[in-house]
Amino acid sequence: MNDSMDRITEMIIQTYKEKGVLNHLEGPNLPSRKSIREIIRNYESIIFPGFESEENLDSELISYTIGAKIQQLAKDLTLEIRKSLKFGCRMKHKTEHCTVCAESAEQITLAILNKIPELREKILLDVEAALAGDPAARSSEEVILSYPGLEAIVVHRFAHELYLKEVPLIPRMMNEYIHRHTGIDIHPGATIGERFFMDHGTGIVIGETTIIGNNVSVYQGVTIGALKVVKEEAEVKRHPTIDDNVTIYSGATILGGETVIGENTTIGGNVWITSSVPANSRIYLKPPEYIIKNGLA
Amino acid sequence: MNDSMDRITEMIIQTYKEKGVLNHLEGPNLPSRKSIREIIRNYESIIFPGFESEENLDSELISYTIGAKIQQLAKDLTLEIRKSLKFGCRMKHKTEHCTVCAESAEQITLAILNKIPELREKILLDVEAALAGDPAARSSEEVILSYPGLEAIVVHRFAHELYLKEVPLIPRMMNEYIHRHTGIDIHPGATIGERFFMDHGTGIVIGETTIIGNNVSVYQGVTIGALKVVKEEAEVKRHPTIDDNVTIYSGATILGGETVIGENTTIGGNVWITSSVPANSRIYLKPPEYIIKNGLA
Amino acid sequence: MNDSMDRITEMIIQTYKEKGVLNHLEGPNLPSRKSIREIIRNYESIIFPGFESEENLDSELISYTIGAKIQQLAKDLTLEIRKSLKFGCRMKHKTEHCTVCAESAEQITLAILNKIPELREKILLDVEAALAGDPAARSSEEVILSYPGLEAIVVHRFAHELYLKEVPLIPRMMNEYIHRHTGIDIHPGATIGERFFMDHGTGIVIGETTIIGNNVSVYQGVTIGALKVVKEEAEVKRHPTIDDNVTIYSGATILGGETVIGENTTIGGNVWITSSVPANSRIYLKPPEYIIKNGLA
Chain D
1 MNDSMDRITE MIIQTYKEKG VLNHLEGPNL PSRKSIREII RNYESIIFPG FESEENLDSE
61 LISYTIGAKI QQLAKDLTLE IRKSLKFGCR MKHKTEHCTV CAESAEQITL AILNKIPELR
121 EKILLDVEAA LAGDPAARSS EEVILSYPGL EAIVVHRFAH ELYLKEVPLI PRMMNEYIHR
181 HTGIDIHPGA TIGERFFMDH GTGIVIGETT IIGNNVSVYQ GVTIGALKVV KEEAEVKRHP
241 TIDDNVTIYS GATILGGETV IGENTTIGGN VWITSSVPAN SRIYLKPPEY IIKNGLA
Chain S
1 MNDSMDRITE MIIQTYKEKG VLNHLEGPNL PSRKSIREII RNYESIIFPG FESEENLDSE
61 LISYTIGAKI QQLAKDLTLE IRKSLKFGCR MKHKTEHCTV CAESAEQITL AILNKIPELR
121 EKILLDVEAA LAGDPAARSS EEVILSYPGL EAIVVHRFAH ELYLKEVPLI PRMMNEYIHR
181 HTGIDIHPGA TIGERFFMDH GTGIVIGETT IIGNNVSVYQ GVTIGALKVV KEEAEVKRHP
241 TIDDNVTIYS GATILGGETV IGENTTIGGN VWITSSVPAN SRIYLKPPEY IIKNGLA
Chain F
1 MNDSMDRITE MIIQTYKEKG VLNHLEGPNL PSRKSIREII RNYESIIFPG FESEENLDSE
61 LISYTIGAKI QQLAKDLTLE IRKSLKFGCR MKHKTEHCTV CAESAEQITL AILNKIPELR
121 EKILLDVEAA LAGDPAARSS EEVILSYPGL EAIVVHRFAH ELYLKEVPLI PRMMNEYIHR
181 HTGIDIHPGA TIGERFFMDH GTGIVIGETT IIGNNVSVYQ GVTIGALKVV KEEAEVKRHP
241 TIDDNVTIYS GATILGGETV IGENTTIGGN VWITSSVPAN SRIYLKPPEY IIKNGLA
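Residue numbers (the UniProt record's numbering), protein chains in the order written: chain D, 1 to 297; chain S, 1 to 297; chain F, 1 to 297.
Chain D on its own, in the form it takes in the complex:
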């Protein structure tokens, strides 16, 4: 068996040499899924101490505890952002030797960390929106500890800041971490206003150039997507704009970069929309026709 193993190893290394690997042999590394996961967990525990595991938060120790978490986050983020920027450099300028990546990574990290207090305040508004919007929600603690839609927006707001700084790879990896855990697929490029509420969440897809206003609620299975998928259109606005105070019920699909859903509008379940809707509308599917057979078949 050992001879076979050696031969298989040799064949696999051959495909690495011919077809390339994820991390260039001898080249710089990329961010790993493990390191991104640790960054997210640390960030979440800064936003909501005790969220993942029990923590001692007595008021004498808290500066020390939070300070240590921020230090760790700064260190990990700087390292992973540097890898990402170097990867971006290699893609764009075909060079392995970037002179500014290390410094840029530190600057971006600092800018992002500075945003955390503001992000936390926004997230607390998202918690309020969930508590107000779901009859089954008993307390903001329940929302924080158990709502997948809340965890998705917590991470999206962070990933979106990295997206705005044009960091490659990491923002998408963060939102895919959340996609794996919640079934909610928000592209980190999507712009989302205050008091955003997603209930149940599974199957929600929100595209890169989507713009969502304040006080918007979205239910399971909703797609806010592109009308058709054409690689050449990567640079234009391909996804809809949703104005303030819109509710989109489960299974609805809203497509197209020129589609605007006007404010105070309700989109009913399973509705399929590919053009704009004026403000203050309520749109429901006509009751479908059924074939009903009574009596046992």
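These are computed hints drawn from the structure, not numbers from a lab. We put the beta carbon where it would ideally sit given N, CA and C, even for glycine. Keep in mind that a hint or two might mislead.
Below are the EDC-like pairs computed for lysine to aspartate or glutamate, each with C-alpha atoms no more than 20 Å apart in a straight line [to be verified]:
{"id": "1", "chain 1": "D", "residue 1": "K69", "chain 2": "S", "residue 2": "D3"}
{"id": "2", "chain 1": "F", "residue 1": "K115", "chain 2": "F", "residue 2": "E166"}
{"id": "3", "chain 1": "F", "residue 1": "K115", "chain 2": "F", "residue 2": "E96"}
{"id": "4", "chain 1": "S", "residue 1": "K19", "chain 2": "D", "residue 2": "E121"}
{"id": "5", "chain 1": "F", "residue 1": "K115", "chain 2": "D", "residue 2": "D6"}
{"id": "6", "chain 1": "F", "residue 1": "K17", "chain 2": "S", "residue 2": "D58"}
{"id": "7", "chain 1": "F", "residue 1": "K17", "chain 2": "S", "residue 2": "E121"}
{"id": "8", "chain 1": "S", "residue 1": "K115", "chain 2": "S", "residue 2": "E194"}
{"id": "9", "chain 1": "S", "residue 1": "K115", "chain 2": "F", "residue 2": "E18"}
{"id": "10", "chain 1": "S", "residue 1": "K165", "chain 2": "S", "residue 2": "E235"}
{"id": "11", "chain 1": "F", "residue 1": "K17", "chain 2": "S", "residue 2": "E118"}
{"id": "12", "chain 1": "S", "residue 1": "K293", "chain 2": "F", "residue 2": "D243"}
{"id": "13", "chain 1": "D", "residue 1": "K69", "chain 2": "D", "residue 2": "E52"}
{"id": "14", "chain 1": "D", "residue 1": "K17", "chain 2": "F", "residue 2": "E128"}
{"id": "15", "chain 1": "D", "residue 1": "K34", "chain 2": "F", "residue 2": "E52"}
{"id": "16", "chain 1": "D", "residue 1": "K69", "chain 2": "D", "residue 2": "E121"}
{"id": "17", "chain 1": "F", "residue 1": "K69", "chain 2": "F", "residue 2": "E121"}
{"id": "18", "chain 1": "F", "residue 1": "K69", "chain 2": "D", "residue 2": "D3"}
{"id": "19", "chain 1": "F", "residue 1": "K69", "chain 2": "F", "residue 2": "E96"}
{"id": "20", "chain 1": "D", "residue 1": "K19", "chain 2": "F", "residue 2": "E60"}
{"id": "21", "chain 1": "S", "residue 1": "K19", "chain 2": "D", "residue 2": "E60"}
{"id": "22", "chain 1": "D", "residue 1": "K165", "chain 2": "D", "residue 2": "E263"}
{"id": "23", "chain 1": "F", "residue 1": "K69", "chain 2": "F", "residue 2": "E44"}
{"id": "24", "chain 1": "D", "residue 1": "K17", "chain 2": "F", "residue 2": "E121"}
{"id": "25", "chain 1": "F", "residue 1": "K293", "chain 2": "D", "residue 2": "E263"}
{"id": "26", "chain 1": "D", "residue 1": "K237", "chain 2": "D", "residue 2": "E166"}
{"id": "27", "chain 1": "S", "residue 1": "K115", "chain 2": "F", "residue 2": "D6"}
{"id": "28", "chain 1": "F", "residue 1": "K69", "chain 2": "D", "residue 2": "E121"}
{"id": "29", "chain 1": "D", "residue 1": "K122", "chain 2": "S", "residue 2": "E235"}
{"id": "30", "chain 1": "D", "residue 1": "K19", "chain 2": "F", "residue 2": "E38"}
Pair ranges (Cβ atoms, derived) [as the list claims (entries may be wrong)]:
{"id": "31", "chain 1": "F", "residue 1": "E103", "chain 2": "S", "residue 2": "P287", "range": "49 to 55 Å"}
{"id": "32", "chain 1": "F", "residue 1": "E103", "chain 2": "D", "residue 2": "M91", "range": "18 to 24 Å"}
{"id": "33", "chain 1": "S", "residue 1": "G20", "chain 2": "D", "residue 2": "R37", "range": "24 to 30 Å"}
{"id": "34", "chain 1": "F", "residue 1": "K286", "chain 2": "D", "residue 2": "M91", "range": "41 to 47 Å"}
{"id": "35", "chain 1": "D", "residue 1": "A68", "chain 2": "S", "residue 2": "K17", "range": "16 to 22 Å"}
{"id": "36", "chain 1": "F", "residue 1": "R37", "chain 2": "S", "residue 2": "K94", "range": "17 to 23 Å"}
{"id": "37", "chain 1": "F", "residue 1": "E166", "chain 2": "D", "residue 2": "R7", "range": "23 to 29 Å"}
{"id": "38", "chain 1": "S", "residue 1": "G20", "chain 2": "F", "residue 2": "E38", "range": "38 to 44 Å"}
Assemble the complex: chain D is given as a structure, and chains S and F must be docked to it using the hints.
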């Protein structure tokens, strides 16, 4: 950079002080997601020894092995239920000093553990239902080791017992653990009869006041939900009743607290129902009209 | 409390004795979910070194690193396949003493490992298809590190080889690992051609006897399933055939073992198909009729 870190730490602690944290500073802790996860894994390994990792089950050691798992489950459950009850006390009576929470936690834990043998027998009927219902299922072992719908009902039956005892937070956290792992979102309040089968499962949503009879099968993407979402109606029955021997195919939506699906009924894929259906019905969508274009565009 | 614990332990052991357990008391073990997870992670890190966590890939060490991974994979696979084959033997021949399982396990493991270089080349074509098909994809590295559809096909191609060798339990456990992480539920029996692309992925279901050609793209919420679910039909082709160059947009449902979607066809979002479609078609739902109410309710 260190000065900046200190300033950011200070700003974050400021938002904790002004806007509150998950665990009150100095106050009692809440159950953590990590501890709930460990409780679920222990419970699952009591129901199906060897499910997650290999175990030695020889008949001399088994009393010792299972006894130790039960002891651990009792200890963890008591602790987490006590935290939850104290949280409930604080919400209701505005006091940090509950005189009965500790004792209630022990009593509830004992009552729940006493239910496990009965839950196990019910779960084995769910396994039978999956084996009978899915042509692709080859053995009950395959169902146990790989069907997400089975894992969801295993955990739901446990969480539902805690819900009936009015334990805050934990039941929902348990079902959200399962939601994250399976894409199946069952509120712990839902009442579900024997021999329940969910195939594929992703996107299933079953609301808090749903009542489901025996021998019911539900496919991926089915919503059993509320007709409209009004916070004030939290105390009334907002979700449907599904009688015995009903099959609900993928993507169907059944809404409303007064909606009753009569026994022996089949609801076809993508059907949208907001009022009651008599027993022995078969309801299918009329074949939709398509725009068909032949020839390459 | 200790008396109660003892009594509960006794009751649970009683249900093991009466109703059976997953691993027969005293009998051979089954593959555990933990061991399958480790096999998948090791396999993924051979396909894409550095995918999960950082790795040192300098060209002097790489033979050693990959060699060690292959050795570990061979050892783990042999062990788990042997357990599965023994389980199959017990089901079929009612014997606990298989004379060929151990040797078959080694042969199958070797055959599967020999396939890895070829699988890797196929997977790199899947990466290309994702990069070509999604306007939001910036690089093949982004596809590899973050696309759930890519991870699903990476694991499916491996599980399918085990399925072809008629190994019980493991192939389905592998695809359910992926289902849990991506919301994509592909039965390991499904035959899938080259350059397969799934975007977003959540809610995709692909049945056991599905046959998919080359250059096929499938979006979130698509079901390729059985027309009706009858246990007796487990041995016939129950799921559709999708020819080359077909695109199936989100939420579409294609059912039935005799349904063939001809090449170069586009199936629009939410379309429901239960019979064959000729080549070069484009099928879209007629715009549905809405109830539109303007003005605030």
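Taking the hints in turn, this is what the structure says about them:
1. K69(D) with D3(S): holds (15 Å)
2. K115(F) with E166(F): Distance of about 16 Å is within 20 Å: holds.
3. K115(F) with E96(F): violated (31 Å)
4. K19(S) with E121(D): Holds, at about 8 Å.
5. K115(F) with D6(D): The hint holds at about 14 Å.
6. K17(F) with D58(S): Cα-Cα ~12 Å, so holds.
7. K17(F) with E121(S): OK: K17(F) and E121(S) at ~12 Å, within 20 Å.
8. K115(S) with E194(S): OK: K115(S) and E194(S) at ~15 Å, within 20 Å.
9. K115(S) with E18(F): Within the cut-off at roughly 17 Å; holds.
10. K165(S) with E235(S): Roughly 17 Å between the alpha carbons, so the hint for K165(S) and E235(S) holds.
11. K17(F) with E118(S): holds (14 Å)
12. K293(S) with D243(F): Between K293(S) and D243(F) the Cα gap is close to 17 Å, so the pair holds against 20 Å.
13. K69(D) with E52(D): holds (14 Å)
14. K17(D) with E128(F): holds (18 Å)
15. K34(D) with E52(F): Holds - the C-alpha atoms of E52(F) and K34(D) are around 6 Å apart, at most 20 Å.
16. K69(D) with E121(D): holds (19 Å)
17. K69(F) with E121(F): Roughly 19 Å between the alpha carbons, so the hint for K69(F) and E121(F) holds.
18. K69(F) with D3(D): holds (15 Å)
19. K69(F) with E96(F): Violated, at about 32 Å.
20. K19(D) with E60(F): holds (18 Å)
21. K19(S) with E60(D): holds (18 Å)
22. K165(D) with E263(D): violated (30 Å)
23. K69(F) with E44(F): With Cα atoms ~11 Å apart, K69(F) and E44(F) stay inside 20 Å; holds.
24. K17(D) with E121(F): Status holds; Cα separation ~12 Å.
25. K293(F) with E263(D): holds (14 Å)
26. K237(D) with E166(D): holds (17 Å)
27. K115(S) with D6(F): holds (14 Å)
28. K69(F) with E121(D): violated (46 Å)
29. K122(D) with E235(S): violated (30 Å)
30. K19(D) with E38(F): violated (26 Å)
31. E103(F) with P287(S): 49 to 55 Å: holds (54 Å)
32. E103(F) with M91(D): 18 to 24 Å: This hint is violated: roughly 49 Å between Cβ atoms.
33. G20(S) with R37(D): 24 to 30 Å: At 27 Å between Cβs, range holds.
34. K286(F) with M91(D): 41 to 47 Å: holds (44 Å)
35. A68(D) with K17(S): 16 to 22 Å: Since the Cβ atoms of A68(D) and K17(S) sit about 19 Å apart, the hinted range of 16 to 22 Å holds.
36. R37(F) with K94(S): 17 to 23 Å: violated (46 Å)
37. E166(F) with R7(D): 23 to 29 Å: Hint holds: Cβ distance 25 Å, inside 23 to 29 Å.
38. G20(S) with E38(F): 38 to 44 Å: holds (41 Å)
Against the hints set out earlier in the document, violations occur for numbers 3, 19, 22, 28, 29, 30, 32, 36.
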